[in-house]
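Participant: Could you build the full structure based on these sequences and the hints that come with them?
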Amino acid sequence: MARCDSKAEISFIKDAVIPNLHDGTWPTEVSAKLSALRHERVRQPIIYVGVTTSSIVAGALKTRSAIEQYLDDYSVDADVIFVGSHGLCSLEPIVEVQMPGRTRVAFANVTPERVNSILDGAINGFIQPENAIFQYYSEIHEPWHGIPFKNELPFFKRQNRVLLKNAGVICPDSIAEYIAYGGYSALAKSIRKYTYDDICRIVEESGLRGRGGGAFPTGTKWRKALQVATSDRYLICNADESDPGGFMDRLLIESDPHRVVEGIILSSYAVSASKAIIYIRDRYKITIQRIQNAIDQAYEVGLLGYDILGSGYSLDIEVRKGPGAYVCGEETALIKSLEGKRGMPSIKPPYPAEFGLNGKPTVINNVETLVNIPQIVNNGPEWFAALGTEGSKGTKIFSINGQASQTCLVELTFGEPLGALLDLAGGVKDGRTFKALHLGGPSGVSVTADELDAPIDFDELPKRGISLGSGGVQVLDNTVCMVDLVKYFMHFIRNESCGKCIPCREGSNRMYQILDNISKRPVSNEGHNTLERFKGVIQLETLAEVMRDTSLCGLGQTAPKPILKALKSFRDEFEEHIFDRKCRASVCRDLRTFYIDIERCTGCTACAKKCPTQAIYGTPRSPYFIVEERCIGCGICQDTCKFGAVFFK
Amino acid sequence: MELFSSSKVFAAMNITIEVNKRTIQAHKGDTILEALNRNGIRVPTLCNMNDLTPTGACRLCVVEVDGRDTLVTSCSHVVENGMRIMTHSPRVVRARKTLVELLLANHPDDCLYCERNGFCELQDLAAELHIRERKVLRKSFTQKLDLSSPSIVRDPAKCILCGRCIRVCDEVQSVSTFEFVNRGCNMYVGTTLSRDLNFSNCIGCGQCVLVCPTGALHERQNVAEVMDALSNPDLIPVVQIAPSISVSVATEFGLKPSKDVNGLLYNALRKIGFKYVFDTAFAADVAAIEMAAELIERKGNGSNLPMFSSCCPAWVKFVEQWYPDYIPALSAVKSPQQVMGSLIRNYFAAENELNPSKIFSVSVMPCLAKKFEAQREEMTTRGLSDVDTVLSTRELVRLIKLYGIDIQGIEPQHPDKPFNIRSSSGKLFGISGGSAEALARVVYQKLTSKELTDSKVTEVKILAGVKAFSFNAAGQTFTFAVVNGLKNIHSILPVLMGGDAKLDYIEVMACPGGCVNGGGQPYVDDDKYVKLRAKAIIEIDEAEGIKCAIRNPAAQSIYDGFLGETGSEKAKKFLYTRYSKREVLL
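Protein chains in written order, with our numbering: chain A, 1 to 649; chain B, 1 to 586.
In short, the hints are calculated from the structure, not lab data. Worth double-checking, as some hints may not be accurate.
Under 7 Å between C-beta atoms, here's a sample of chain A residues computed to sit facing chain B [unchecked claim]:
id : residue
1  : Cys-498
2  : Gly-499
3  : Lys-500
4  : Arg-505
5  : Glu-506
6  : Val-546
7  : Asp-549
8  : Leu-552
Heads up, the beta-carbon is just placed ideally off N, CA and C, and yes, glycines get one too.
Facilitator: Pasting the structure below:
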């Protein structure tokens with residue numbers, strides 16, 4: 001049964017714990033109960049199942065049912081608790097078992113079929129080291145033999161998991177557990193010790209910069225909002241994460257929603273906001289449930305609402321769902337969307353910090369930015385400023401996918417090289433050849449192998465023509481066609497463009513058409529067409545620059561980035577498409593040429609009959625051949641052949 | 001007072017910027033565009049609208065500013081001291097050219113057959129930016145031509161999505177017929193639930209037509225119909241000209257702006273083939289006389305006040321749609337156009353032994369809603385429309401040019417009897433406040449037998465920021481309010497209709513500034529031309545002798561010879577009408 005706080009636990013937190021949350025001193029019974037909430041001394045086994053959107057897709061709910069079935073079948077008394085995600089997405093579903101007196105051990109890829117053997121072993125004291133991936137280090141628990149500790153694992157060792165500390169460890173639906181692990185103590189201390197001005201100063205001194213892609217100094221933005229004299233101010237948490245391939249915010253909110261709530265409360269206090277709004281994409285169903293639950297629990301124990309912790313500060317948080325437009329991640333469009341209007345960006349100035357939602361000063365911060373605040377305030381700005389580089393302090397979360405060996409979510413200190421991302425992801429899948437690392441989705445760039453030594457830094461990377469974006473990373477290998485990739489991103493931009501300004505609306509469409517043209521076979525192979533395509537590429541560069549120079553908002557301004565960088569780093573691949581009509585990654589269908597291996601072909605004529613352009617010739621029972629000029633690259637012959645004789649170059 | 005304001009001006013000119021390597025002075029708070037225009041430096045604009053906040057949608061006004069890595073829109077950025085700006089650097093010119101090329105790529109190649117050939121902003125931009133090559137034509141989507149409305153035609157294929165029509169209909173006229181639909185390259189300008197204009201909440205004021213830069217919105221064409229009638233020997237074509245027309249067409253014929261060409265127009269129209277020509281201002285007098293009687297009666301009963309003007313058909317449609325409860329407040333007297341049409345068909349025809357059904361009655365109006373009004377069922381008598389066809393001012397100009405009439409080379413003439421004399425207050429109907437002024441004069445004259453002079457009129461303050469004035473006559477105080485343009489009308493109306501204001505008459509003209517700024521008026525690129533038209537009308541009023549409608553002998557003779565008394569049975573039959581609620585999706 002999934003565990004969330006019982007009424008007794010809520011009362012315990014509210015009456016016994018929170019009154020002393022600011023200094024952390026409690027009578028022994030209270031401390032003991034908190035220790036129990038941290039599962040430090042357990043009397044019966046606990047089985048933790050990582051349940052998040054991605055692990056559910058991997059089958060976590062089926063695994064959980066299998067576990068519950070096992071416990072029922074064998075009459076074993078054990079607690080089943082669901083937790084968030086460690087970020088090891090390729091290894092999900094992850095199940096952790098904590099036997100009384102022993103450390104907590106994590107198992108990967110636990111399908112329902114594996115449940116029996118794993119639980120049998122653990123309950124009876126035997127764990128095959130090769131089955132487990134890591135165990136938690138603990139001074140009071142007996143470790144298991146032969147299993148690495150979590151912080152020894154290269155995956156975790158290289159990272160600096162400051163923000164992701166609780167992810168995968170605690171139950172996201174439990175405020176009691178969050179507080180037991182130290183949560184909300186930053187809020188309790190700071191709201192007592194600091195004024196809003198103090199917190200602003202601390203954040204300014206820490207050097208925190210926005211994590212949503214803009215990298216604007218957070219403290220400066222807050223100050224701007226405070227300069228306008230008004231009683232109504234809003235704080236908006238931008239959880240609209242719509243970058244294809246980015247799941248940083250989703251995983252963070254699903255695994256540790258209370259940290260997000262704490263960050264929001266503290267930040268709202270700092271900017272004297274009367275109301276906070278979480279703008280989250282409607283499609284993130286489970287994420288919305290979890291954050292709403294966290295908010296409800298915070299209200300229940302008095303950490304939200306009227307007169308928080310007796311400080312005199314009141315705050316309401318509302319969850320508002322974004323209807324699903326990438327452009328609504330842009331702050332002025334987001335505000336319009338909240339006001340019930342078309343989500344089209346407006347010109348800045350005036351900036352939302354001066355004139356935002358309903359005309360009031362509005363601070364909009366990304367989820368990751370806000371999650372930094374509690375620890376900065378608790379540990380002091382010097383602690384934060386000591387992490388990272390000169391211009392980029394702290395850590396950054398990245399979601400790595402694509403052709404990576406391991407799809408994962410990682411947190412690195414600024415200053416680490418880009419290559420660290422590739423290493424953490426375990427390199428390219430199946431040992432294939434690395435081609436590029438794409439950072440930042442449709443507004444980012446593809447980084448080649450020789451650029452991987454560049455440090456992750458908001459200022460250093462742009463000097464080399466690289467932008468970080470919001471943290472989405474795709475690993476690309478040689479089965480990826482750069483022209484196709486750029487076309488995909490431009491297609492995305494074209495569909496997501498709001499349509500207000502000419503360069504983005506018309507430019508993205510035209511650029512997509514040109515790219516589509518390059519990756520298709522022309523009607524005839526005359527030189528005239530090659531010239532057209534070449535002219536197309538020149539126009540591509542002009543359009544890209546005009547889009548970048550004149551677009552109204554960030555979507556249009558950064559949309560040409562992938563293509564401009566690709567033209568620089570992979571120009572020969574583009575030229576191959578245009579002049580040689582070849583796609584070296586064999587992705588662009590029209591440009592694939594198929595051929596038949598005469599060793600394998602039996603002359604069964606099956607493919608020749610199916611070919612839509614009658615491009616396959618031969619005599620029955622002798623090897624057939626494909627006429628290149630007639631082949632349109634559809635691949636039907638390859639699908640038809642039972643002998644595996646058809647290949648494409 | 002004056003000295004103070006001019007020193008204020010000098011104090012405000014405290015920003016120095018450099019434009020194209022030249023030093024320029026600018027006011028604090030100016031946008032770059034304002035500073036450039038003040039100094040005669042032109043940059044192209046498209047989505048920019050006077051009096052409305054800039055949206056930065058078209059990006060054509062971009063300039064290069066030292067220190068900024070992207071180009072900056074001059075319409076929205078405020079000048080800062082020491083700014084260095086290049087308005088036509090190669091980077092900027094290339095950007096503008098590319099933007100217009102992108103617009104043209106989706107635009108039909110219809111220039112030669114298009115309504116706006118020669119007056120089109122897109123044509124001007126293409127010429128200015130020296131565009132010599134067509135890039136690929138994208139397949140147009142299938143939004144069809146909207147010919148449903150009698151006033152306005154929509155051709156979405158020519159729309160360049162500048163958004164001006166949406167803004168003027170929403171922010172200036174509070175009607176919000178148009179809105180963007182879909183996003184990105186599939187975006188188009190549509191109406192609620194994609195209804196054709198005639199089935200939407202459009203009131204036909206035509207402000208959208210005035211601001212549309214291309215041929216996507218234009219008036220319903222009636223020139224061909226008129227030409228057919230002119231060459232039909234069975235028909236008797238007659239025409240009436242609205243008060244604003246004569247001060248609005250001078251520049252189209254190479255004359256000084258706002259020169260009053262009234263007499264020349266009558267001659268020209270006769271040359272074109274109209275058998276009889278009339279001045280709508282005469283009918284405005286008759287309408288004023290009837291409205292005065294109506295108002296005095298309502299005032300006497302103390303009920304059904306305030307009275308709304310009903311000469312603006314867009315306003316009438318607005319009331320019928322949004323405020324059907326106020327329909328009884330509307331004056332039941334027909335608008336001057338309809339009064340004239342009715343008098344022609346039901347009096348003039350008989351007097352001159354003409355068959356009323358053979359008369360082809362045309363009116364020339366600055367207004368597109370008049371086309372709608374003319375075909376209303378309520379505007380018929382004995383089964384015949386009072387007015388058969390309405391031409392806008394722009395159509396009149398085209399008609400005159402089509403028939404090769406040289407305005408500069410002909411002599412002025414007079415309109416036909418018996419509608420040949422008008423008071424100057426009839427002319428005033430063309431500007432905002434004109435009908436209120438005309439009505440005030442008649443009411444005062446009727447009740448006191450004296451003329452209303454300026455000294456008798458006092459300005460009144462109303463909370464909604466609307467202009468109002470009052471005067472005393474025969475022991476009663478009359479307070480008249482004047483509204484032009486429907487901006488904020490939904491918050492203004494409750495204030496005006498509420499008991500506190502104690503208004504007797506409210507004139508509402510849907511077009512900001514009144515009929516001189518109507519949807520059918522010639523296109524101008526500068527507000528000042530509209531102001532000059534209004535000024536010309538006021539000057540006519542100041543110069544003339546017969547200032548009150550009652551003192552118009554021609555109007556008097558109509559009553560003596562035909563109508564009898566104001567509000568008589570004949571008057572009610574021919575000069576009054578009714579309105580009713582309209583069910584439209586608001």
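Participant: Honestly, which of those hints from before does the structure not fit?
Facilitator: none
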